[in-house]
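**Q** Each chain, letter by letter, is given below.
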Amino acid sequence: MKSERVAAIVGVAESDLGKTPGKNVLQLQAQAAKLALEDAGLTKHDVDAIFTAGNWAWAPNLMLAEYLGIQPKYTDSTNIGGSSFEAHVGHAAAGIKAGLFDVALITYGSTNRTKPANSSFQSPLTAQYEIPYGLPTPVGAYALAATRHMHQYGTTSEQLAEIAVATRKWATLNEKAYMREPIEIEDVLNSRLIAEPLHLLDCCLVSDGGGAVIVASNRVASTLKKKPVWILGHGESHSHNTITNMPDLTMTSARESGKAAFEMAGISHHEIDVAEIYDSFTITVLLTLEALGFCQPGEGGAFVSGQRTAPGGDFPMNTNGGGLSYCHPGMYGIFLLIEAVRQLRGECNARQVDDAKIALVHGTGGVLSSTSTVILGRD
Amino acid sequence: MIKDLIKSGIDDESRPYWNGLKDKKLFIQQCGDCQKSIFYPRSICPHCFSDNINWLEANGTGTIYSFTTVHQGYGPFKGETPYTVGIVELDEGVRMMTRIIGDYNEIKVDKRVSIIFKEVEEDFVLPYFQVIT
Chain Z
1 MKSERVAAIV GVAESDLGKT PGKNVLQLQA QAAKLALEDA GLTKHDVDAI
51 FTAGNWAWAP NLMLAEYLGI QPKYTDSTNI GGSSFEAHVG HAAAGIKAGL
101 FDVALITYGS TNRTKPANSS FQSPLTAQYE IPYGLPTPVG AYALAATRHM
151 HQYGTTSEQL AEIAVATRKW ATLNEKAYMR EPIEIEDVLN SRLIAEPLHL
201 LDCCLVSDGG GAVIVASNRV ASTLKKKPVW ILGHGESHSH NTITNMPDLT
251 MTSARESGKA AFEMAGISHH EIDVAEIYDS FTITVLLTLE ALGFCQPGEG
301 GAFVSGQRTA PGGDFPMNTN GGGLSYCHPG MYGIFLLIEA VRQLRGECNA
351 RQVDDAKIAL VHGTGGVLSS TSTVILGRD
Chain B
1 MIKDLIKSGI DDESRPYWNG LKDKKLFIQQ CGDCQKSIFY PRSICPHCFS
51 DNINWLEANG TGTIYSFTTV HQGYGPFKGE TPYTVGIVEL DEGVRMMTRI
101 IGDYNEIKVD KRVSIIFKEV EEDFVLPYFQ VIT
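If you're matching them up, the sequences are chains Z and B in order.
The opening residue of the first sequence carries number 1 in full-length UniProt numbering; numbering runs sequentially from there.
The opening residue of the second sequence carries number 1 in full-length UniProt numbering; numbering runs sequentially from there.
Any given hint could turn out to be false.
[Stated by the list, open to error] Which residues of chain B face chain Z? A partial, calculated answer using Cβ under 8 Å:
#, residue
1, D4
2, I6
3, S8
4, I10
5, S14
6, S37
7, Y40
8, T68
9, R95
10, M97
11, I101
12, V109
[What the hints assert, rightly or not] Anything over 12 Å on all C-beta distances counts as not near chain B; from chain Z, calculated:
#, residue
13, G22
14, L26
15, A59
16, A65
17, G69
18, I70
19, A98
20, T156
21, E184
22, N218
23, S222
24, T223
25, L224
26, K227
27, A302
28, Q307
[To be verified] Derived lysine to any residue pairs resembling SDA-like cross-links, with alpha carbons at most 20 Å apart:
#, chain 1, residue 1, chain 2, residue 2
29, B, K36, Z, D248
30, B, K78, Z, E196
31, B, K111, Z, Q152
Since the hints were derived computationally from the structure, they do not count as laboratory data.
A virtual CB, placed ideally from N, CA and C, is assigned to each residue, including glycine.
Isolated chain B (complex conformation) (with noise of 0.2 Å):
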């Protein structure tokens, strides 16, 4: 189960976003001092240190800052390859790291993407995203 890799680490500050996903809404995190993006989630800005951190739903858009199509696979990914992992860099100016998902050969670094929350198991749903075509 892919949830099993991560429960040990979902607590109250990586919660709010994990439970988003399932609202099908991607929160990030907003400086409330420099008013720059974060992402993930945190207790300190790590631009200006300030602690005056906010939540801010993301509008679900970026493009491909980087991606790699995955052939050999580990523990409950095994049997999902050929699969691609990509860097995206999302319209409010955060990177994350999602799954590009369509058709291989539309995949390319700079595209715009748009996100498709995605339940890969019961209760846990992941921000994937999609070439816009």
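With the rest of the complex left out, here is chain Z (with noise of 0.2 Å):
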């Protein structure tokens, strides 16, 4: 079955990245907005919806909707983690298929490098049964989840090295990459651990950065200069919030929103053409992989070995290089939705993926905890 095409992707932008010290939340925030309007041959006032997620106000639309000067009529903030902004762009495929908006801007900003977010003044809640064992998070969490998957299929740190040696490919084809010197699987093996098995060329980057996407209704869509990017299916979903209570550590919740995408999209995973999958550590990957159902459970390190996931191999993924390699603002999940609808877009240049049309994007928030997969497409 062929999904209805009601929403579209219009516009793409980042800000500065990387290193911002002169910039704030806001400020990335309104430089992407305004670069990814441009792309969309847009204006401020065609935005009737806002969404966006942070912890940098109490209320964080309030706050950049004036900053921006757009009154809308419709606001989303969910937070759900790194995967909020897929699950921003489902919600606004449903606001628009249900006639509520027609234009939406979804933007996210981090100073996480220059100025880290300090959220010591709640009250831990439920969390207070894990900060006193100094379990270092978010890296410990995914550590415990490697140390598990190893235990139950026999993977191999090798195996996850597989996917940082080949998101840093990528990285050195992407001018705007933070990391572009060329690493081997002993490069990650020999730098320092951090939280066993989980190395420091296993996690991701620490950055400063914002990004802007523009989601438009059909309508809206068809009237401008660059070609839509479709919104084919979409799935979201959370499993716990600390990783104590993950139901299995080997299994996310990518298996209900990745199932729930696919259906929607009404394609299969063979017509995947690219992948854009948060890897806020190798293990995210291999995790997600699985639960999309690229491969069965158990067989993720056998799935990446290989350089399969490199420019040049028979699955591309994390084209941009990845948090691992390009930025990683705090939530990520905004940059996955970019360069999927560029490489659609066949903007890519030295990255292109030859002839994409169907781009497979999924974040993951929190701990493992929420996920949310989008389906994009180009006529």
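Need the complex rebuilt from these two chains, each delivered in its own frame; the hints are there to steer you.
**A** The following block contains the structure:
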């Protein structure tokens, strides 16, 4: 079944990335929003829905909309961590389908590197049963998942390193990527241990940066200069908050969010030309590939071996260099969408995946807690 | 201080758990209707939504579900590295985060462990576990 083409992504942009000591989170979002609207051929007066996620204000949408001078008729501040923006795209598509608005602005901004957020004023509530043990989060939680996966399936550190090495190869082709020196599997294994079995090079960067995505109705999209990137399917879920309460450390709720997205899009796995999969850590990718059904549980290590996800491999993945090598300002999900859209428009130059027609975008938030999947396609 | 990190969260719902540890008792909960064990403490059963919840003293044994040895710690834990944090599945069927102490080479997934009540600071006791040899 071919999905209805109701809503499309029509504009994308990043702000400055990397280290941005001169800019606050509002400036980064304004910069990205302006560029994304220009990319779409729209103005801020066309925006009638606003979406953001962050912990930089008690009600981020109020502060951001006021700063940008936008009075929306629809507003959504869903914050489920790094996968929030894939959820926002899903919510925007649903709102457009319901006829509630025509143009949604989705933004993110973070000064995670130069000015890390401090949330210590909050009550720990259910986190009080984890905090006293000194698990560094999020990396320690992902390390627990990796230990369990290795025990259950025999997955190796070399297999996890394959992901970091392949992703770095893509970064060498992206001038905006922060880390562009090629690395080998040995480099990953010889980098210092952070939380066993994860090494430094199994972990994403810590960056500043922002991004923006414009979602528009079919009616608006059909009037614009660039070809629309249709939202073919989406799904979301979350299975836990604290890592102790993850039902199965080897299976994320990508199983549910991915299934929903594939069913809505009416396509199957072999039709995906390019995958942008949240890579906070190498293990995040491996678990996600299994949960989405690209391979069976336990086969993720074999799936990524032989540099299969690298440029020239038969499963092009994280083509901007990923959170591992391009940028990772805390909640990375918006950058996955930006790269997928550019791939489907054929705007990626040296890193362009030939004839990419359908992309899968998958965000993971918290400590493997939330997942949102979006399937995008061009005409 | 470790307790300072969480003291604002210790309230009537969690206090029986923390007080129990000071008496060398590990309290979890059990649903009075569906009989399932519950951890962390709650006012409602996450399995059947009953509010008939009772405290239950766990026997303090279980198996390692997963673990990680931490080499980069933060805050008050910075100077302790390396140390091992684990998730233990108690014999009552619930999982909890803990520290696994003892010989590093003995710590494996699925190994049997038993509780050690560790007074990490004055008047603050944590349930640590060690491998049963």
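**Q** Next step is simple, just say for each hint if it's right about the structure.
**A** Verification of the hints:
1. D4: 10 Å, violated
2. I6: Result: holds, 4 Å to nearest chain Z Cβ.
3. S8: With a closest approach of 5 Å, the S8(B) hint holds.
4. I10: 7 Å, holds
5. S14: 6 Å, holds
6. S37: 13 Å, violated
7. Y40: 5 Å, holds
8. T68: 4 Å, holds
9. R95: 6 Å, holds
10. M97: Interface hint status for M97(B): holds (5 Å vs cutoff 8 Å).
11. I101: Given a least distance of 11 Å, the restraint on I101(B) is violated.
12. V109: It holds, given that the least Cβ distance between V109(B) and chain Z is near 4 Å, below 8 Å.
13. G22: At about 28 Å from chain B, G22(Z) clears the 12 Å cut-off, so the statement holds.
14. L26: 28 Å, holds
15. A59: Non-interface label on A59(Z) holds, nearest chain B Cβ at 22 Å vs cutoff 12 Å.
16. A65: 32 Å, holds
17. G69: Check passes; 38 Å lies beyond 12 Å.
18. I70: 36 Å, holds
19. A98: 31 Å, holds
20. T156: 15 Å, holds
21. E184: Check passes; 22 Å lies beyond 12 Å.
22. N218: Answer for N218(Z): holds, closest chain B Cβ roughly 42 Å.
23. S222: For S222(Z), whose nearest Cβ neighbour in chain B is about 47 Å away, the distance exceeds 12 Å, so it holds.
24. T223: 49 Å, holds
25. L224: About 47 Å separates L224(Z) from the closest Cβ of chain B, which puts it past 12 Å; holds.
26. K227: Correct as stated: the minimum Cβ-Cβ distance to chain B is 46 Å, above 12 Å.
27. A302: Check passes; 21 Å lies beyond 12 Å.
28. Q307: 27 Å, holds
29. K36(B) to D248(Z): 18 Å, holds
30. K78(B) to E196(Z): 16 Å, holds
31. K111(B) to Q152(Z): 14 Å, holds
Violated hints, listed in ascending order, are 1, 6 and 11; each of the other numbered hints is respected by the structure.
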